[in-house]
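Residue numbers (my numbering), protein chains in the order written: chain A, 165 to 467; chain B, 165 to 467; chain C, -6 to 274; chain D, -6 to 274.
Simulated from the structure, these hints should not be mistaken for laboratory data.
Quick caveat, the model's predicted, so the values are computed rather than measured.
C-beta atoms are modelled at their ideal positions from N, C-alpha and C, and glycine is treated no differently.
Do not take every clue at face value.
What follows is a set of in silico ranges between Cβ atoms, one per label pair, in the way DEER data are often shown [stated by the list, open to error]:
id, chain 1, residue 1, chain 2, residue 2, range
1, B, 368, C, -5, 33 to 39 Å
2, C, 217, A, 458, 53 to 59 Å
3, D, 260, B, 423, 39 to 45 Å
4, C, 216, D, 174, 50 to 56 Å
5, B, 210, A, 458, 56 to 62 Å
6, A, 313, B, 183, 30 to 36 Å
7, C, 217, A, 304, 30 to 36 Å
8, D, 258, B, 458, 26 to 32 Å
9, A, 455, B, 399, 28 to 34 Å
10, D, 258, B, 417, 54 to 60 Å
11, C, 217, B, 368, 47 to 53 Å
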Amino acid sequence: MRPDKRRTLGDAIELVRDGDTVAIGGALSYREPMALVRELVRQGRRELRLVGSAHGIDVDLLVGAGVAGAVEESYVGFEQDLGLAPAYRRAAEAGSIEIRETCCYTLLQQLRAAEYGLPFMAVRGVAGTGILGLHPEYGEVECPFTGERLVAVPALAPDVALIHGLCADRRGNVHLRRPLVLDERFAHASKRVIVTVERLVDGDEVAQAGVVLPSFLVDAVVEAPLGAHPTSCYPHYAYDRAHLREWVEAARSDDGVAAYVDRYVTCAGGGETGYQEAVGSERLAALGDWETSTERWMELASA
Amino acid sequence: MRPDKRRTLGDAIELVRDGDTVAIGGALSYREPMALVRELVRQGRRELRLVGSAHGIDVDLLVGAGVAGAVEESYVGFEQDLGLAPAYRRAAEAGSIEIRETCCYTLLQQLRAAEYGLPFMAVRGVAGTGILGLHPEYGEVECPFTGERLVAVPALAPDVALIHGLCADRRGNVHLRRPLVLDERFAHASKRVIVTVERLVDGDEVAQAGVVLPSFLVDAVVEAPLGAHPTSCYPHYAYDRAHLREWVEAARSDDGVAAYVDRYVTCAGGGETGYQEAVGSERLAALGDWETSTERWMELASA
Amino acid sequence: MSLTEFGIDEWVVVTLARTIRDGEIVFHGFGSPCAQVAMYVAKRTHAPQMVLVEGSTYALDPEPAFIPATSNDWSLLRRASHILRFEELFDLAARGELDRMFLSGGQIDPYGNTNVTAIGGLPGPKVKLGGGGGGCNLSATVGDLTLWTTRHRSGRALVEECDFITDLGHRTPLGTREEMGMAGGGPGTLVTELGVFDFPEGRMRLRELFPDVGLDEVVAATGFELDVADDLRTVAPPRFEELAIVRSIDKLGVRRMEFDARELERRFRWSSHQAGCPCCT
Amino acid sequence: MSLTEFGIDEWVVVTLARTIRDGEIVFHGFGSPCAQVAMYVAKRTHAPQMVLVEGSTYALDPEPAFIPATSNDWSLLRRASHILRFEELFDLAARGELDRMFLSGGQIDPYGNTNVTAIGGLPGPKVKLGGGGGGCNLSATVGDLTLWTTRHRSGRALVEECDFITDLGHRTPLGTREEMGMAGGGPGTLVTELGVFDFPEGRMRLRELFPDVGLDEVVAATGFELDVADDLRTVAPPRFEELAIVRSIDKLGVRRMEFDARELERRFRWSSHQAGCPCCT
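Kindly produce the complete structure, drawing on both the sequences and the hints.
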């Protein structure tokens, strides 16, 4: 048998060191590895350099809780619905974190370079924009065939990728469903990969469901049901819009962030059990109702 | 409704012009678009430039029948089983076709450049090998970050890709199953895409099965049951090893090729119906038996 | 609301929809309800053959029962023919096969450059905005861009110069698109809650006004010298069918989230003869 | 055949299997039955934690009921935990995470360069071989290469210089791997039907002989001056368990396709005391 990669949340997060470049899977309010994010807060990691595409509460919480030192995401916020990410915005405006804003595609090309074992990749855009000015590490390359000069971006191999999946076996074969966002690319490009899943299952079941991340990419797998909450993890649960609203309200001040962290993250119950108790089991169960009817789903979506 | 992309085999192959660079899907004795290959022979296309990874009877037949002018594949043959590809070998040794042998990965990088809209991609290997000498179109690029000099390969956008899939709808949404070989990359990188399928189905069924090539990539879709024969198209049929042996025997001489083409390709019955009659319906049906037992599958595999 | 009465939110959505040509592959960014709803309107009216690419799921031609307030939600996958991989969407755009994209901005300059990164620029922003998602690269290579903003009247949206250029318009301090080797066509249309603009020779020009808006209001709200078309017109009103689709697809009214409450009070109704433009009520 | 008697095909397969270290990610090329069967032997004996990547399907750790004569066949997917995409396999190798690959060649030179493209070179080949598949790039970056040939005795396989270099050994006319910036380790072992070679300082050296082969035969069959280890040994015999696995996995005997009929007549049996090397019969 292949090594057993099951870990506790606490042990898994020990693979993340202060100062690491950390890729966060999922997007916006969808399948973000929130249990891992909360554990980073509990363990008090510092100066993490976050990379990702378009994100929400994951990055905002890590910034608010003082875990992040630099943020290289393409977007952080709550869309037209709940608006700007308060903690991220405040830290950016105060200059307390480094804002290395990127573009989804530029990040993709940097991950591809790492995944392909190449030192750089070219991109077509970026020239002429302010994004270029934020990244002195970008360069230029001349096409040996056409003579075109293109922006070149260096390979980016995150130290750790954090991903929340649907199910996995103990060896670390992971099933995800689309949208995959950058989860696959993060897993291939990163040096270490930590995956939480709703359910640990046997190898046959994950193979049947469809392996998206094969075990050799994965260093640790943690069973963390509801581990994406308050973001969605379909088909298990829809996103918890009311909880996001609560965060956005709280995050408008440092005190609010502290109170949120105290209530939900480092709460007395401890760990994810404590989190789920603080949120309330009835409410968590209700998020699984999305499939009962369109009306119910709309109700959840406008909660 | 989206345009109806259903075509006859004959109409579809009119999208291929003499001299075109043609990418052929599948590999070895697996899911090669043989109905399209045979139609190319019937319509007498000339000077095609074939590109692909590791192939077998598809390329050997096109070379034998005088359709190919250049071959840029990573391998052409019948493995340890039936050995070298006789027609390809003879043409190569006679100098009647241009041998532009490539490597699977180099080809992948060239297709990726086309798919990514970039004029070139870098590869790590190739330097020091004879393959480099066959390709004056390759160049060199220096990494702007590390100073490494890497082999650069130009974007390769085939004029046409020929792919055989499992099912599709009339709009051209195509379902394939793994192994996908380079089928996906060909479809994304090529200017025109022609797909034959075992079965035309409605949109719901192909969506349920899983679309791998979305319709906007596909220019023509042709229902061609048994269209991969004598290569396999699981779960519909195993490969026809005895037929491959017959080809390999025939292909040892130009007369043998002509006799094969006459009997199977341009036969009196005409088109694919004629082909299937020449092969024999009982025999074709037997290839679908692979799933009945391991013993039956082994029997087919050693026919 | 009856189909003889409608709001500016609906009119903006329909106006955005009409910038789509049939057969195009069209993409809206995430967090863009007006553009998102507009794409469904187009798909179900004049552009049945467009390929609708959802803004964060990259689902193709889904038929959602409702539009949720977040863009990456399974409700947006319903009946999709396919879900593109992240990579496939961006590669499609990079090789020039994505025909149209919708982009908005906290700031938009006369060349159609947009800033969704930071008011006051970076570092040291006055207001850190959310960020551009994939717009920075997409704006360089997508065939045609439809811009929109629902905050024109604020006076802070259309500015002489963006504090930060996130997405490319027709010209930046580095030169024109051509000079920078950017293959995409750049912004073709800008729709605001005040009117519609085109970009002749790459510079914004007022082309159409909503009927309850005066030219002077637009001038006052615009932070640069306004070019105005000689034949300035009224924005064509929505058809009943289009309105019905807006309401049926956007049951939760997420499109309204983009507007100030005051703008949502603007109400239009069809004049009884249905010939000309609707009157404001 | 009883488990006390075995052929050179089986012994070669087992010897190949033993070059695999537990935990490695290992790949065989297509059309390579000996290497293919060897990987299953290793997986089921000393290397249970290896990741077995099938040669053309890129299936991970399948448990085929039999090995077919073609490499891209669904029979090779049975119980696979996953099927890698074409791209994933090659990228894995390019970034240096594919630990071992098996490569053969119509010609192999003292540095372990191989020619699977054309005897007589290109253009104007004397014999056009099939081609190298992905070996040209893979050989540059894979951690460790195990080479093999079953045609050593022909005198045409081990040559002073390849007519064409398809896959990289330790040194080409352009220089060493290091000088060319190739990160892979190059060939570590060559197994032929006559013996086993290692590559100290990047040049082939005879390390072990099969018991029915004389050093003079190897010298005669080798097209360059042969380095021989001081402590030349006999190839370690297969264990019963290994033989049983070879036979159970390769029910169709596809491994034998790689050998001349005469070689297949070579038969070995365990000496009754089971201590030393098997005797030839």
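Checking against the hints above, which ones are violated? 2, 10
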